[in-house]
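Engineer: Each chain is listed here by its residues.
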Amino acid sequence: MNRRDFLKNTARVIGGITLPLTAFKIINPRELLASTGDTEKVRWVFLVDTYKCVGCGMCVRACKLENEIPYDAKVTRTWVERYVITKDGKTHADSPMGARDGFTTSKIDLGIDGYEEIKNQDIDKGFFVPKLCNQCANPPCVQVCPVGATFQVPDGVVLVDRTWCIGCGYCIMACPYGVRFFHPVYHTAEKCTFCYHRITKGMKTACVDACPFGARQIGNLKDPNDPVTKVIMTERVGILKEEYGTKPQVYYLGLDREVK
Amino acid sequence: MMVHGEIWTAKELFVYPNEYIYWSIQIVMYPFMTGLVAGAFVLSSLYHVFGIKQLKEMARFALVFSFALLFVAPLPIVLHLQHPFRGINVFMTPHFTSAIAAFGIVFFSYGAIVASELWFLYRKHFVEVALPLKEKQDKSVGEWLKFILFCTLTLGVYDISEEALRRDHKAIKVLAAIGIPVACFLHGYAGFIFGSVKANALWMTPLMPVIFIMSAIVSGIALCILTYTVTMEIRKFLAKRRMSPTQRFRSPEELKGVEVNVIRMTAKYLLFFMVFAISLELLDLIFRGYTAVKSWDVLRSVIYGRDFTDIFILQYAIGNLLPLILLLVPGLTIRRTLIATIFVLFGVFMMRWNVVIGGQAFSLTFAGYMHYHMPIIPTDWETFKEGLFGALSVFVLPFILFWVIAKIFPVFDLEESH
Amino acid sequence: MKSHVYRPLWVTLGLIAIILIARFFYVPKDFGIGERGYMYGWHRKGDVEFWKNFKVKYRGSAYCKDCHSENYAKLMQSPHAIIPCEDCHSPAIDHPENPPKLQIQKGRELCLRCHYPLPYPTSGRANIPSIDPDKHNPGIECVSCHNPHNPLEGLK
Chain A
1 MNRRDFLKNT ARVIGGITLP LTAFKIINPR ELLASTGDTE KVRWVFLVDT
51 YKCVGCGMCV RACKLENEIP YDAKVTRTWV ERYVITKDGK THADSPMGAR
101 DGFTTSKIDL GIDGYEEIKN QDIDKGFFVP KLCNQCANPP CVQVCPVGAT
151 FQVPDGVVLV DRTWCIGCGY CIMACPYGVR FFHPVYHTAE KCTFCYHRIT
201 KGMKTACVDA CPFGARQIGN LKDPNDPVTK VIMTERVGIL KEEYGTKPQV
251 YYLGLDREVK
Chain F
1 MMVHGEIWTA KELFVYPNEY IYWSIQIVMY PFMTGLVAGA FVLSSLYHVF
51 GIKQLKEMAR FALVFSFALL FVAPLPIVLH LQHPFRGINV FMTPHFTSAI
101 AAFGIVFFSY GAIVASELWF LYRKHFVEVA LPLKEKQDKS VGEWLKFILF
151 CTLTLGVYDI SEEALRRDHK AIKVLAAIGI PVACFLHGYA GFIFGSVKAN
201 ALWMTPLMPV IFIMSAIVSG IALCILTYTV TMEIRKFLAK RRMSPTQRFR
251 SPEELKGVEV NVIRMTAKYL LFFMVFAISL ELLDLIFRGY TAVKSWDVLR
301 SVIYGRDFTD IFILQYAIGN LLPLILLLVP GLTIRRTLIA TIFVLFGVFM
351 MRWNVVIGGQ AFSLTFAGYM HYHMPIIPTD WETFKEGLFG ALSVFVLPFI
401 LFWVIAKIFP VFDLEESH
Chain X
1 MKSHVYRPLW VTLGLIAIIL IARFFYVPKD FGIGERGYMY GWHRKGDVEF
51 WKNFKVKYRG SAYCKDCHSE NYAKLMQSPH AIIPCEDCHS PAIDHPENPP
101 KLQIQKGREL CLRCHYPLPY PTSGRANIPS IDPDKHNPGI ECVSCHNPHN
151 PLEGLK
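If you read the protein sequences in the order shown, they are chains A, F and X.
For the first sequence, the residue numbers in the numbering used here are 1 to 260.
For the second sequence, the residue numbers in the numbering used here are 1 to 418.
For the third sequence, the residue numbers in the numbering used here are 1 to 156.
If you are wondering where the hints come from, they were derived from the structure by calculation, not from laboratory data.
We put the beta carbon where it would ideally sit given N, CA and C, even for glycine.
Among the hints, a few may not be true.
[Unchecked claim] Stretch by stretch, here's where chain X covers chain A in the computed footprint (C-beta under 8 Å, at least three residues): (1) 95-109; (2) 113-119; (3) 152-159; (4) 166-173; (5) 194-201; (6) 219-226; (7) 245-253.
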């Protein structure tokens with residue numbers, strides 16, 4: 001065998017081995033098969049009691065500090081919305097700075113249209129609705145990621161890989177709840193992780209711990225004795241935007257039809 | 001600290017805190033440029049596959065132009081990425097449940113088809129350039145480079161016998177035939193990127209890919225007519241000035257005869273696809289109004305209110321109706337066609353604008369609006385690439401590329417049998 | 001298959017081979033399909049560890065109570081007992097090592113988060129005692145009169 005032939009054959013062997021290996025990595029049937037059986041013992045869910053929420057915004061502040069989201073950037077992993085329904089049937093809603101500083105005025109923030117004063121005697125109902133990632137059972141944001149930079153952990157939490165995200169923004173567009181945004185420092189898609197570093201250590205999320213009123217709770221849906229599971233199973237709870245078929249896993253007590 | 005999108009987004013009424021216009025001008029440019037690629041290719045295939053002889057001159061031109069556009073098509077999406085250098089991940093770990101991941105495969109196969117077709121079309125030319133250079137003694141550096149380039153381009157095939165050329169011809173026909181569905185797929189999937197976003201009330205419709213394909217073909221044909229006419233005018237001008245005895249340039253009168261014929265024929269196809277595209281868009285609009293689902297209230301306020309000028313004046317009236325009239329009035333002249341094609345291109349651009357920007361003009365809450373203020377004067381890299389000048393660069397680049405590529409693939413006055 | 005017609009095909013296949021080989025070296029070895037399948041579980045496995053190892057900053061009131069037992073005990077007797085220490089005192093992180101001193105929030109804005117009058121029916125907010133900040137001693141910090149650890153103990 002001369003040197004030319006040797007090199008040729010070597011190239012063939014290397015190519016022959018690497019090609020099928022790399023090609024097969026795209027879909028591995030055994031891994032696929034393993035994914036069908038539901039052996040997971042944990043499914044994180046969230047419960048929000050809108051009657052208890054007073055709109056103090058401590059949860060938003062805690063979330064930003066805990067998860068290193070620049071404090072003054074106008075994006076946030078969790079936020080609180082205010083809804084005021086007046087006697088004329090109109091709904092007024094806002095969430096200034098995501099309620100990072102709470103609601104310390106009765107005026108409604110209209111964005112570029114300024115502020116709207118609402119008299120107390122005109123109000124039929126008013127309430128606060130905390131929002132965060134719904135960790136959907138069918139997360140559309142994960143479905144549309146072109147590179148596999150966002151994914152769902154078997155316990156239900158959807159995470160983003162900051163080293164792999166290309167920053168196309170497709171996931172932000174695909175989320176009907178508007179929970180995703182670009183991190184101002186890492187420039188990758190960012191979202192609520194249910195404080196994955198805390199819940200996997202047996203702690204509660206930062207927002208749950210920061211809420212003085214118990215309006216936010218986190219629990220394990222697969223544990224029938226979990227207080228959150230008990231509430232979800234035995235009381236009338238609502239979810240957001242179920243028409244999108246995303247199967248959101250943040251449950252609400254006292255949800256109103258006006259909640260967007 | 002500014003977040004991405006904050007600079008050009010103004011929020012009105014109730015908008016979620018994280019909502020901004022994340023998909024800006026480059027995402028308008030992306031389907032616009034991809035549409036031009038697909039359209040130019042379909043135009044060239046009309047000749048190669050269906051044998052529409054009158055399009056012969058245009059077909060070769062359109063194919064080369066499509067190739068030039070092809071390189072620019074991914075550029076807007078790369079400029080839009082927050083991490084442009086990670087764009088390669090789309091090829092490395094494609095997630096095919098995402099429409100964008102299909103980009104890698106579709107773009108690659110389409111590029112392969114266009115390049116192969118060009119190779120068959122220009123193979124004879126490559127050999128004819130390479131062989132005399134091979135014979136030539138003491139080549140200059142420039143000639144050496146040219147020799148190496150053209151030798152590589154022949155891919156080691158120097159057989160230009162009648163039999164070989166006949167096979168080339170057959171291969172072109174097959175490739176052009178495969179190319180049509182792939183070109184439609186290339187653009188259909190761009191429409192799918194938008195049409196499949198269920199969170200966006202304006203985008204979500206199964207008609208979106210079809211609408212995108214039709215308007216793509218319209219814009220591609222229009223751009224080909226435009227560029228073809230402009231190049232012909234330049235050639236006429238040169239022919240007048242030189243009147244060279246070698247007759248490398250044809251006489252101005254001869255050129256004019258060729259030009260009018262080609263353009264009249266192409267304009268007919270332009271009209272056909274335009275009517276189809278407009279019908280689909282209107283169908284979509286009527287259907288939304290008739291079914292009037294939950295999102296219709298906010299959509300109506302955007303379509304008939306805030307974006308009325310963009311949609312009905314700029315897109316439908318100036319971009320569709322006006323060129324239709326210009327093209328339909330009998331006695332079509334080159335100048336009139338030229339003006340019409342500019343309006344058509346503008347109309348298709350506005351259609352992309354109204355889809356991409358219009359789709360983000362209202363909030364996910366259906367109770368608020370977002371206004372887009374495109375950055376004009378760039379203050380940093382981000383406002384450049386996602387601003388007016390970034391978009392203009394993307395639009396100008398294919399013409400420069402075409403000029404370069406046309407040096408290797410001569411578009412006009414090529415002696416060949418196809 | 002010796003026909004020249006197949007030349008472009010070989011070139012294309014060569015390019016595909018190059019991409020696949022590049023992929024072999026470029027893609028992290030732990031990238032693959034997770035338990036949630038290809039649609040929802042296509043990811044780099046190491047990233048789960050990244051998020052698990054994220055730094056905890058809010059340690060909870062239990063972390064404070066041993067050293068600051070006096071204030072803690074006082075707070076527990078008051079209506080403010082429901083408020084976690086770190087809401088006003090900022091996250092402890094690794095206090096007292098890092099940071100040695102916490103940034104305490106003392107401004108009127110802090111108290112107004114709950115005590116600004118928003119008597120919304122159907123919301124818990126309506127039940128919280130409130131003041132009108134424009135009329136109630138404007139410009140003076142709340143803590144100069146009220147003790148946040150026991151607001152009922154009477155004015156200072």
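Engineer: Determine which of the earlier numbered hints do not hold for this structure and return their numbers in increasing order.
Structural biologist: 2, 4, 6 and 7
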